[in-house]
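*Asks:* Can you make the complete structure from the sequences, with help from the hints?
Okay, here's what each chain looks like letter by letter:
There are 2 protein chains.
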Amino acid sequence: MLPIGATIGIVGGGQLGRMLGLAALDLGFRVHVFAPPDGDNVAFAIAHDTVAAPYEDAAAMAGFAAGVDVLTYEFENVPVGALEGIATAIRPAPAALLKAQDRLVEKAFLAQCGLPVGPHLPVASVADLDAARAQIPDGFLKARRLGYDGKGQARITPETDSEAAFAAIGGAPAILEERIPFVAETSLILARGADGASRAYAMTRNTHEAGILRRTDFPSPIDAALATTAERWVADLCEALDYVGVIGVEFFVTGDPAQPLIANEMAPRVHNTGHWTMDGAATCQFENHIRAIAGWPLGSTQRTADITMVNLIGDDIDELPAHLQNPAALPHVYGKRETRAGRKMGHVNFIASPVDFD
Amino acid sequence: MLPIGATIGIVGGGQLGRMLGLAALDLGFRVHVFAPPDGDNVAFAIAHDTVAAPYEDAAAMAGFAAGVDVLTYEFENVPVGALEGIATAIRPAPAALLKAQDRLVEKAFLAQCGLPVGPHLPVASVADLDAARAQIPDGFLKARRLGYDGKGQARITPETDSEAAFAAIGGAPAILEERIPFVAETSLILARGADGASRAYAMTRNTHEAGILRRTDFPSPIDAALATTAERWVADLCEALDYVGVIGVEFFVTGDPAQPLIANEMAPRVHNTGHWTMDGAATCQFENHIRAIAGWPLGSTQRTADITMVNLIGDDIDELPAHLQNPAALPHVYGKRETRAGRKMGHVNFIASPVDFD
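Heads up: the sequence lines are chains A and B, in that order. Under the working numbering, think of the first position of the first sequence as 1, with each following residue one higher. Under the working numbering, think of the first position of the second sequence as 1001, with each following residue one higher.
Don't read these hints as lab results, they were simulated from the structure. None of these values were measured; they are calculated from a predicted model. Careful: at least some of the hints might be erroneous.
Stated by the list, open to error - Derived DEER-like restraints, expressed as beta-carbon distance ranges:
| id | chain 1 | residue 1 | chain 2 | residue 2 | range |
| --- | --- | --- | --- | --- | --- |
| 1 | A | A52 | B | P1219 | 45 to 53 Å |
| 2 | A | A52 | B | Q1112 | 54 to 62 Å |
| 3 | A | D315 | B | A1172 | 57 to 65 Å |
Stated by the list, open to error - From chain A, some residues computed to sit far from chain B (all C-beta separations above 12 Å):
| id | residue |
| --- | --- |
| 4 | G67 |
| 5 | I86 |
| 6 | T88 |
| 7 | P119 |
| 8 | P173 |
| 9 | F182 |
| 10 | P219 |
| 11 | D242 |
| 12 | E287 |
| 13 | A305 |
| 14 | P321 |
Ideal Cβ positions, reconstructed from N, Cα and C, are used throughout, including at glycine.
*Replies:* Right under this line is the structure:
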C-alpha cells in the first residue's frame, strides 16, 4: 500500500486526469500531471506539480516519472516508447496500451481472451479495401491507430467510393469492421486491484450520437446472467495482462440469442460510461482506479442509485443553469477554457431513486 | 449565478476548506485559499492561489478578497474587523460570525430565534463564578470566545475550586452553562441558497469523546416530527441573518417530552457532523455550500444510504489500512503532514444499505 502523502503521477491533462486527481487528493495523495503544452490541460489545475511536454519527449517523461511513486494514464494513446526504461511502477502496465492502441491487435486480443468480436479485415491500401468489401460490404473503415470519439472513421456501404473513404481516414493502416445491427450499446467497467481481486460496476445502456457518448442510463439492456458473463470475460482479459486499475470494454447488444454481445473496443483507463459512478456507486471509478494503482484494497462497486448520466458536449454547457433547476441534477464541470463543438465540457448525473443492495 | 470559471475565495486552510475547495473544483470553479502561515494548511494543496497571512492582516485580506468573486470561510473565528470594508460578496455574511464568536451572544440569538437553550449565566470574574454557581451548581465554564473541540472549557461541580476553574480557561470572559443530562446528541445541517430557499439534511446521532466528535450514525435519535421542528427553527434563524451557505446547529436530545431538544451551539459553516453527506446524500454539504454562495440552486439533500461516519483522530489514521479491508469503508484523508493527539486526520464513511427516497 502506498502511504498517505505519496505522489500519484497522471499522464494526460484532460477531464479524466482531472477527476482521477480529485479522487487521489480526497484519499490524501499528492498529484502530479504530465501533458502536452498545447492542450487545454484542465488536470493541471488540480495538481501539485505539472510537466508540460510532448508525450514523445522521453527525457521529460523520465523526469516526471522520477518524481512520482506510481505512474498512470488517462489516455490510451501515450507512446509506449516514452515509457520504456522507466523504473517507477506504471499501472496499468504498458502491455495494455500496446493492445489498445491498434484496432487490429485489440480485436485479436479480445478474441484470444474469449470475447466475441465482429467480422473485420485489415486494410492497408485501396486495393485491400476493394478486396475486403467483397466480404464486408456494409461496415466502417477505421484507422488502426489514434482514433477516438468517431474520429478516423468512414462509413462503408455498397455505394461508397473506396478511394475517397481511404483518403478520408488519411490513407493510414486500417481495418474494415462489419456493421453490427445492434439493439443497444453497453459497457463493462471493472476495477482490478494489485492483489488480483476485481470488482465490476453495473452495466449501463449507452447512447452515442455522431460517434460521441451522449448518455448512459439504467436499466441495463442485458440481464444479470449475461452481465456476469461479460464480467468474467473482462476479468480474464485483465488477468492475461496482469492489469491493475480500471478498464472499460464496450459491447454491442445484438438481440441475437446465439450471440447476444459483441465486444467493440477496450479502453485501459477510466471510461466516460463510468461517470455515473461518481453519484450512483459506493466507490466511484476514479477512486477505485487510484486505490488499485496505489495498492489499496478496492472499494465496493455496488450501485446505490438509479442514475442517468448526460454528457455536456460543446454548447450543451450553456444548458447547465436550466439543468440545475432540477435538484436531482448533480453537475461535474471540467473547467475547459474554450467551448468547441464536440468537446466534452462536463456531465450531469441525474439521480432518480436508490436501488437495493444485493 | 456565478459563471463556471469564477473564483471562490476560502478563508481558513484546514480540512473543511480543503473539502469545500474540492467540491468547488468539481463544479468548475477556481479556488483561492487564505490562511495563517503557521498552520498545516491542507487546503493550500488544492488551491490555484494562496495567501499566507494572519487573519488579522486586513491589508492581506483585502488583497485576497479583491482576487475572488465570492468570499467564504471554513472557520467561525475569523476576526470580523478584517472583513470590514471589503467590497467582494462575503457569504455567509459576517453577521453570522458575530453571533457565533461569542457564546453569550450566540445563546441569546438562538433563544431569540425560538430555539430552546439551557440555563446559563455570564461570568467575568471569580466572584461572578461563585455567584453563578449558586444557581448553576453542575455545569461547564466556557470561555465566551475562541473555544472549539472542548478547548477553553472547565467542568464545574460542587467540589470544583472556582479560582482554579477560572484560571483553567485563562481568566477570560466566560459563561457558566448548566450541564444538560442528555440521552443523545444530534445536529441539523441546513443549506440556504441566495434565493432564500433552504434544504436540510437528515439528523444524525452524534457521539463525542473528550469534547471531540468521534462518530455520527443513523438512525436519528429523534422522530420525524421533531426533526421538522428543528428544521423550522434553523430555517428561521437563517432568515434572521439572511444567511447564505451551510450552517450546523448542535442539539442535546433530553428524553424529556416537555423539552425534547436543547440547542447547544451553531457553526456558520460546513460541519463535521455533515461529513456523512459525502457518501450518503444526493448532494454533499460541501457542494451545497459552494452552490449557495455561488448563487446556484441547491442540490437535493436527500439521504441515499445508511452511513456511519467515523473520525480518524490522531493515531487513528494508522488504522486506515485495517478499515480498508472492508469494501464498504469510504475514506477521506486530509493530507496533514503531522499526526498529533486530538488532530482530525481524516474520516471514514461506512456505507451500509441504501434508504428509500421519501
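*Asks:* Each hint: holds or not?
*Replies:* Here is how each hint holds up against the structure:
Checked against the given bound of 45 to 53 Å, the beta carbons of A/A52 and B/P1219, roughly 52 Å apart, stay inside it. The hinted window of 54 to 62 Å between A/A52 and B/Q1112 holds, with their beta carbons roughly 56 Å apart. Against the hinted window of 57 to 65 Å, the Cβ-Cβ separation of A/D315 and B/A1172 comes to about 58 Å, which satisfies the hint. Distance check for A/G67 against chain B: the nearest CB is about 16 Å away, which clears 12 Å, and the non-interface claim stands.
No beta-carbon of chain B is positioned within 12 Å of the beta-carbon of A/I86; the least distance is around 26 Å. Every CB of chain B lies more than 12 Å from the CB of A/T88, the least distance being 21 Å, so the non-interface label holds. The non-interface label for A/P119 is consistent with chain B: the shortest C-beta to C-beta separation is roughly 40 Å, beyond 12 Å. The claim that A/P173 lies off the interface holds: its Cβ sits roughly 39 Å from the closest Cβ of chain B, which is beyond the 12 Å cut-off.
With a least beta-carbon separation of about 32 Å from chain B, A/F182 lies farther than 12 Å from that chain, consistent with its non-interface assignment. Even its closest Cβ contact with chain B, about 16 Å, leaves A/P219 beyond 12 Å, as expected for a residue assigned away from the interface. Every CB of chain B is more than 12 Å from the CB of A/D242 (nearest about 22 Å), matching its label as outside the interface. Against chain B, the non-interface label of A/E287 is violated: not every CB pair exceeds 12 Å, the least being about 8 Å.
Annotated as non-interface, A/A305 brings its C-beta within 12 Å of a C-beta of chain B; the closest such distance is 6 Å. A beta-carbon of chain B is positioned within 12 Å of the beta-carbon of A/P321; the least distance is around 6 Å.
Comparing the model with each numbered hint stated earlier shows that hints 12, 13, 14 do not hold.
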